[in-house]
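Engineer: Whole structure, please, built from the sequences with the hints as guidance.
Number of protein chains: 2
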Amino acid sequence: MAASFLMRKSSAVRFRNLFNRSIAVLPNQHQIHHHPIPPPSSSSLSRFFSSSSPSMASSDSPFPVTVHNINPKVVKCEYAVRGEIVTLAQQLQEDLKAKPGTHPFDEIIYCNIGNPQSLGQLPITFFREVLALCDIPSVLEKPETPALFSSDAIERAWSIIDTIPGQATGAYSHSQGIKGLRDTIAKGIEERDDFPANPNDIFLTDGASPAVHMMMQLLLRSEKDGILCPIPQYPLYSASIALHGGSLVPYYLNEATGWGLEIKELKKQLDAAKKDGISVRALVVINPGNPTGQVLSEENQRDIVKFCKTEGLVLLADEVYQENVYVPEKKFHSFKKVARSLGFGDKDITLASFQSVSKGYYGECGKRGGYMEITGFSPEVREQIYKMASVNLCSNISGQILASLVMSPPKVGDESYELYRAERDGILSSLARRAKTLEEAFNKLEGVTCNKAEGAMYLFPQIKLPQKAIDAAKAAKTAPDNFYCRNLLHATGVVVVPGSGFGQVPGTWHFRCTILPQEDKIPAIVNRITEFHKKFMDQYRK
Amino acid sequence: MAASFLMRKSSAVRFRNLFNRSIAVLPNQHQIHHHPIPPPSSSSLSRFFSSSSPSMASSDSPFPVTVHNINPKVVKCEYAVRGEIVTLAQQLQEDLKAKPGTHPFDEIIYCNIGNPQSLGQLPITFFREVLALCDIPSVLEKPETPALFSSDAIERAWSIIDTIPGQATGAYSHSQGIKGLRDTIAKGIEERDDFPANPNDIFLTDGASPAVHMMMQLLLRSEKDGILCPIPQYPLYSASIALHGGSLVPYYLNEATGWGLEIKELKKQLDAAKKDGISVRALVVINPGNPTGQVLSEENQRDIVKFCKTEGLVLLADEVYQENVYVPEKKFHSFKKVARSLGFGDKDITLASFQSVSKGYYGECGKRGGYMEITGFSPEVREQIYKMASVNLCSNISGQILASLVMSPPKVGDESYELYRAERDGILSSLARRAKTLEEAFNKLEGVTCNKAEGAMYLFPQIKLPQKAIDAAKAAKTAPDNFYCRNLLHATGVVVVPGSGFGQVPGTWHFRCTILPQEDKIPAIVNRITEFHKKFMDQYRK
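Chains as they are written, first to last, in the numbering used here: chain A, 5 to 546; chain B, 5 to 546.
These are computed hints drawn from the structure, not numbers from a lab.
Bear in mind the structure is a predicted one, so any value in this text is a computation, not a measurement.
We put the beta carbon where it would ideally sit given N, CA and C, even for glycine.
Mixed in with the good hints, there may be bad ones.
[What the hints assert, rightly or not] Facing chain A, from chain B, some residues (calculated, C-beta under 8 angstroms):
hint, residue
1, ILE117
2, GLU133
3, TYR176
4, VAL318
5, GLU368
[Said to hold, decoys possible] Heads up, simulated DSS-like pairs for lysine-lysine below, C-alpha to C-alpha not over 27 angstroms straight-line:
hint, chain 1, residue 1, chain 2, residue 2
6, B, LYS101, A, LYS191
7, A, LYS146, B, LYS146
8, A, LYS80, B, LYS228
9, A, LYS341, A, LYS183
10, B, LYS101, A, LYS183
11, A, LYS228, B, LYS103
12, B, LYS183, A, LYS103
13, A, LYS183, B, LYS103
14, B, LYS228, A, LYS228
15, B, LYS191, A, LYS101
Structural biologist: So this is what it looks like as structure tokens:
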């Protein structure tokens, strides 16, 4: 660490930029991205994409559109979860297919992204039955149907179809989503929180990402507007802030206290940003954490809510992992519930909570369903949000239906309940075991420390890299964590994402690894990673 | 017309703004929106939303977020298709439900939006069978299934599931969409055009709207970047340009020649924009036209392609109505086919073509499926587009599947073919009859002229309003066409969109009306509109 710290201090700006990638922040001083953005060099592009073609001068190009004359915010935006390492993995996969046996592994294991079904997780039967029946209502009345579908799925499909105006399952819906489905979701939120929820506060969206973009687009006027984001963070936030031309104001999660979120750190970064002339509009909190896996305590959440109230910040609560909590001592509490239990109403705190069908035990990423619940916005601003939703007409109806289903799954006594419960509990308890196994394995590796995944779908181990590895990365013109991940991929076929894609304290190196490979594959993965790591450390040891 | 022209000339700026709404353009001089945008007045907000609450001063507000401190681009953006008239209609619908008999109609007929299934159009059986089966693959092997689903739907579902890596129908796909589905779409394009199509040029999207936003986000750096858009236009374009901070450079379609698109008008507006320091990046062409319904001749398209090549403009081809052509003398030709048949390759013309599952004979708006085919972009820029797609992970898989189905429907000999053909031809021939009936009805109204709908789903009649109606609109602080549409709604329950939402030559007034109500309802709609129009004209006649 001391060595890498010296390294950083003495290195040229360009090299440091390569190190610190998308979130170029210093530990005690945030760096605001409001300098004019220079055209990207080909090496900066190649950090995320595999293309090795040189940067093209506008004048030589036969194309009217070049990287030099497109929106620089697009060029600036980075998204490591599908970045360079993944592109490399896709190439290796093609290789394996074309020439089996040419690599020391026979499959690519995608641990870069929270995409459970891509790694073999099966969908929840009840949810899929209802979706299929809503797609083909004519089947609902056929005599053969009860042999193929459960009775409560048939009943639920009817009740959903009846809630759609004109039973038109193929029509654009209300811009916020079908009212009857929002009613169901509001009821689900009420059951979860024990506080009222209003269906008119809910906007159904194609997954959580478009909802986050909508909030960023609403709040960010220029680079003088900032959003407080955790470091490390899920790169959707940095990407969205970059695309919408605002400034990311980082606050560091404390790795030493299990990725603790400390109010004094929030306050320090807020004040520093203000001093720089940044108007901080909102605070992003990801709970359970991504990539960090921590689950906030209710007391901590109360302090966060009070902080937002005092400072006049919108609280953007990423709660997409609300069903993914693996430790008995922690429980998920929604920020809205915490705010309401403090007695804070609409006029005290402005809050957007994001939920998705892609996570939880369902993991229906491909359905692109989700919602945001917005409270504490003035009627005039809500009209503006409604208008933004209207420009895209509506989110997809299957995703809308699924969002209502995850908030109102089968209940005791329903025909599907036992199967549903078995599927849900099977997935969640297996995820808990996988998290533990992987965490323990990482902690056994030389120079690696890994906090527990209390929730979500990831581990974010820190690796203390030998100086020779850092030098080798420098020679390869890449960041040390990227260098490690690339080597890991080449040796094992396991795809993980370098910590620099999420942000990390400079001079520290991490990677994010999902806990999603099927359980029977975990031992082999652990072996492969362990074996690779040993060789890597041996190779670069002084 | 002379009277209204004088009106406009003598009216105050504020009033003129109300007149000219989202596309504030003058006939011979385009107005670029690069002035600092003032906070919206409550009357400007109420143009789109029903709220009558006064504009709130920041200092009095308990909310940290107000219309005065959000992104002014959001405030500026307007989208009439779901604007004030629709909000009013929704209120009337609630009214009707709560107190039946209180209005002179017993249902609201939504002719404001191209949403066929909301007005009773049924989905194509084969498409829905395949979608349902892909949602619940376990059903595919059950003995009861062939009684419920056609054999080719079962076969197609298998082949789609097999094309998805790991058969994971619930996983995020490749950022551009599932490769196998892109292969199918590329093949469909080749069959349509008789020119090669590359699956790697295809980006599957949640409908056409996100694809348009992506292109605007890519191309627009500031208000000094402009996009040539037809006037009248589909307001997605003006909304997206406003949201992304560019300038709309209008070109007028010639109503007198059936909404003709004239190259000399393009050239004139391009030159005028350049003189104003605007760098024009792209030309939007909607073919078949929305809201105008014209179908371009191949010769006209060739000139447009040559114009884009000469001027270095990206051609943004909105081709979502490619299946909706109703007159035997016209045929849809894709711009890519036209470009290729001129011998223009990737290095000659940069082209994005948008397609959607929401239109055509399928009208599956709620599925939010679509794609863009991009050609003639440099590898570096394609990487940037890929990155933008990656930030949102992928479009919804059901929409992706449906996009592949509409580009490869059942073929002669398939079990579903006869039913599919009957459904498709039934819908298309009925749409053609409805277009004709409504057009003839509009042309019979006093002071109304209406071009033929050669394609798409709309008529865009012009109404010459009496001066007294214009004065009454002024007194009611609204635009005359809005005033007419509002009165039409109150009298008949028919929802149409004022021409000012699409842009029109100042001093002329139009509305857009879809041709989508079911055929058996058309006579009653015609009667109601005719009766209303007579009364309206009588009331405001000098």
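Engineer: If a hint holds in the structure, say so; if it doesn't, say that too.
Structural biologist: Results for each hint:
1. Proximity of ILE117 of chain B to chain A holds as hinted, the smallest CB-CB distance being about 7 angstroms (cut-off 8 angstroms).
2. For the restraint placing GLU133 of chain B at the interface with chain A, the shortest Cβ-Cβ distance is roughly 6 angstroms, inside the 8 angstroms limit, so the hint holds.
3. Contact between TYR176 of chain B and chain A, as hinted, is supported at the beta carbon level, the nearest pair being about 4 angstroms apart and thus within 8 angstroms.
4. Nearest Cβ of chain A to the Cβ of VAL318 of chain B: about 6 angstroms, under the 8 angstroms cut. The hint holds.
5. Interface restraint check for GLU368 of chain B: the shortest CB-CB distance to chain A comes to about 5 angstroms, inside 8 angstroms, so the restraint holds.
6. Straight-line distance between C-alpha atoms of LYS101 of chain B and LYS191 of chain A comes to about 23 angstroms, which keeps the hinted pair within the 27 angstroms bound.
7. Between LYS146 of chain A and LYS146 of chain B, the direct Cα distance comes to roughly 15 angstroms. Compliance with the 27 angstroms bound is thereby established for this hinted pair.
8. Our distance criterion of 27 angstroms between C-alpha atoms is met by LYS80 of chain A and LYS228 of chain B, whose separation comes to about 20 angstroms.
9. Note on LYS341 of chain A and LYS183 of chain A: the hinted pairing holds, with a Cα-Cα distance of about 23 angstroms set against a maximum of 27 angstroms.
10. For the suggested pair LYS101 of chain B and LYS183 of chain A, the alpha carbons sit about 15 angstroms apart, so the restraint of at most 27 angstroms is met.
11. The suggested pairing of LYS228 of chain A with LYS103 of chain B is violated, with an alpha-carbon distance near 51 angstroms, which exceeds 27 angstroms.
12. Pair hint LYS183 of chain B plus LYS103 of chain A holds up; C-alpha atoms about 20 angstroms apart against a cutoff of 27 angstroms.
13. Straight-line distance between C-alpha atoms of LYS183 of chain A and LYS103 of chain B comes to about 20 angstroms, which keeps the hinted pair within the 27 angstroms bound.
14. Distance hint between LYS228 of chain B and LYS228 of chain A is fulfilled; the C-alpha atoms sit about 21 angstroms from each other, no more than 27 angstroms.
15. Restraint check for LYS191 of chain B and LYS101 of chain A: the C-alpha separation of about 23 angstroms stays at or below 27 angstroms, so the hint holds.
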